[in-house]
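Protein chains: 2
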Amino acid sequence: MVQQYSSALLERAVDEFAKLPGIGRKTAMRLVLHSLRLEVGAVDRFCDAISTLRHEVKYCKVCHNISDTDVCQLCADPRRDATTVCVVENIQDVMAIEATMQYHGLYHVLGGVISPMDGVGPSDLEIDSLVKRVDSGDVNEIILALSSTMEGDTTNFFIYRKLMNYPKVKITVLARGLSINDELQYTDEVTLGRSLVNRVPFTGK
Amino acid sequence: MVQQYSSALLERAVDEFAKLPGIGRKTAMRLVLHSLRLEVGAVDRFCDAISTLRHEVKYCKVCHNISDTDVCQLCADPRRDATTVCVVENIQDVMAIEATMQYHGLYHVLGGVISPMDGVGPSDLEIDSLVKRVDSGDVNEIILALSSTMEGDTTNFFIYRKLMNYPKVKITVLARGLSINDELQYTDEVTLGRSLVNRVPFTGK
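Chains E and G are the protein sequences, given in the same order.
For the first sequence, the working numbering begins at 1 and goes up steadily by one.
For the second sequence, the working numbering begins at 1001 and goes up steadily by one.
These are computed hints drawn from the structure, not numbers from a lab.
Treat the hints loosely; a few may be bogus.
The list that follows gives simulated cross-link-like pairs (lysine-lysine, PhoX-like), each with its CA atoms no further than 20 Å apart [said to hold, decoys possible]:
hint, chain 1, residue 1, chain 2, residue 2
1, E, Lys26, G, Lys1170
2, G, Lys1019, E, Lys19
3, G, Lys1132, G, Lys1168
4, G, Lys1132, G, Lys1162
5, G, Lys1132, G, Lys1061
6, G, Lys1170, G, Lys1132
7, E, Lys61, E, Lys19
8, G, Lys1026, E, Lys19
9, E, Lys132, E, Lys162
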């Protein structure tokens, strides 16, 4: 049974909100009615922020992170170690790693992982530009920080094959193991097995 | 630890999405990144729909439902029974009742219920205009279809007091009882008690 809207404008706004991922028609309706209770200025600011971003978005020409300038502030920062490049799927991953405050090198945002099921091949990703960065000779280490999935592993392997002709460049991956606070008995056996194989000397830290 | 955004435009768009009710910063980020993958035209349509609705929204001057015209299509429909008025909190309730296809009268949208805790008093609601509709003499029945909460009951009682001087007007409330498919043993005792007190003759339907 199709719900009948008393206003075509209302229906159109609900339709548009409901196109967003994870937002159904009931939530869309709630958001639209919320927007009707806001001042006109607040709604204008909302629309302007979304629209301006979409129209004026730029990506750093070095690492392909979102940026307001041609080269992002991370790549432009002289205090960062330009010889280490961390390869990630998307910009959320950059933010997650930055939030750890444990990494001081640069990034390379692939824009996804190789996934034949979703029609994503190597040419859809920023892999050629990564090889070019390595080819320029400034890079000593590539950290592969992709998801621990079949697609992530495939992409890791693809990149590894592309970079194995640069013997100067060390290729590393993130450590896999127990999460901090994980209880042994509830950890899946693959992770537990990896954490055993990759055990490290106890330093008391 | 504050997440660092590599783009001020991105941060502003995330800020705006995160102001919406029920949307946190992670979901806001996901929605913004989704909008970046859309064509520019699709984002423009989204913004235009929200903005146009907010700028051009009208409310029916009879029942206060959202409408594109001065009088909404329900109030303007000559086939509907104008002597019966169903009083509801908001426009979602109108749509819910319309979806049952069991009601052929008109509506009156209060815009909320009396709730001193939220600073909502009778003058914030469309109660005076309801009394005026009744005073015009065309109404035979007022159906109070508010939520079964303390605030809903308070509002029911307030409206009842305002309308008790119109003896011609019958004031009814929605039936309370078991939901269709409810199992007796899992029904709360107040609802079960009400369904016993308000039992109706068995008609085989």
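Hint by hint, here is what the structure shows:
1. Distance restraint check for Lys26(E) and Lys1170(G): the Cα-Cα separation of roughly 33 Å exceeds the 20 Å cut-off, and the hinted pair is therefore not satisfied.
2. Proposed proximity of Lys1019(G) and Lys19(E) is supported: the alpha carbons are some 19 Å apart, at most 20 Å.
3. Between Lys1132(G) and Lys1168(G), the direct Cα distance comes to roughly 15 Å. Compliance with the 20 Å bound is thereby established for this hinted pair.
4. Under the criterion of a C-alpha separation no larger than 20 Å, the hint pairing Lys1132(G) with Lys1162(G) is consistent with the structure, at around 11 Å.
5. With a CA separation close to 12 Å, the supplied pair Lys1132(G) and Lys1061(G) stays within the 20 Å bound.
6. Restraint check for Lys1170(G) and Lys1132(G): satisfied, since their Cα atoms lie roughly 16 Å apart, inside the 20 Å limit.
7. Between the alpha carbons of Lys61(E) and Lys19(E) the distance comes to roughly 31 Å, so the proposed pair goes past 20 Å and is violated.
8. Under the criterion of a C-alpha separation no larger than 20 Å, the hint pairing Lys1026(G) with Lys19(E) is consistent with the structure, at around 18 Å.
9. The straight-line distance between the Cα atoms of Lys132(E) and Lys162(E) is roughly 11 Å, inside the 20 Å bound, and the hint therefore holds.
Of the numbered hints listed earlier, those contradicted by the structure are 1 and 7.
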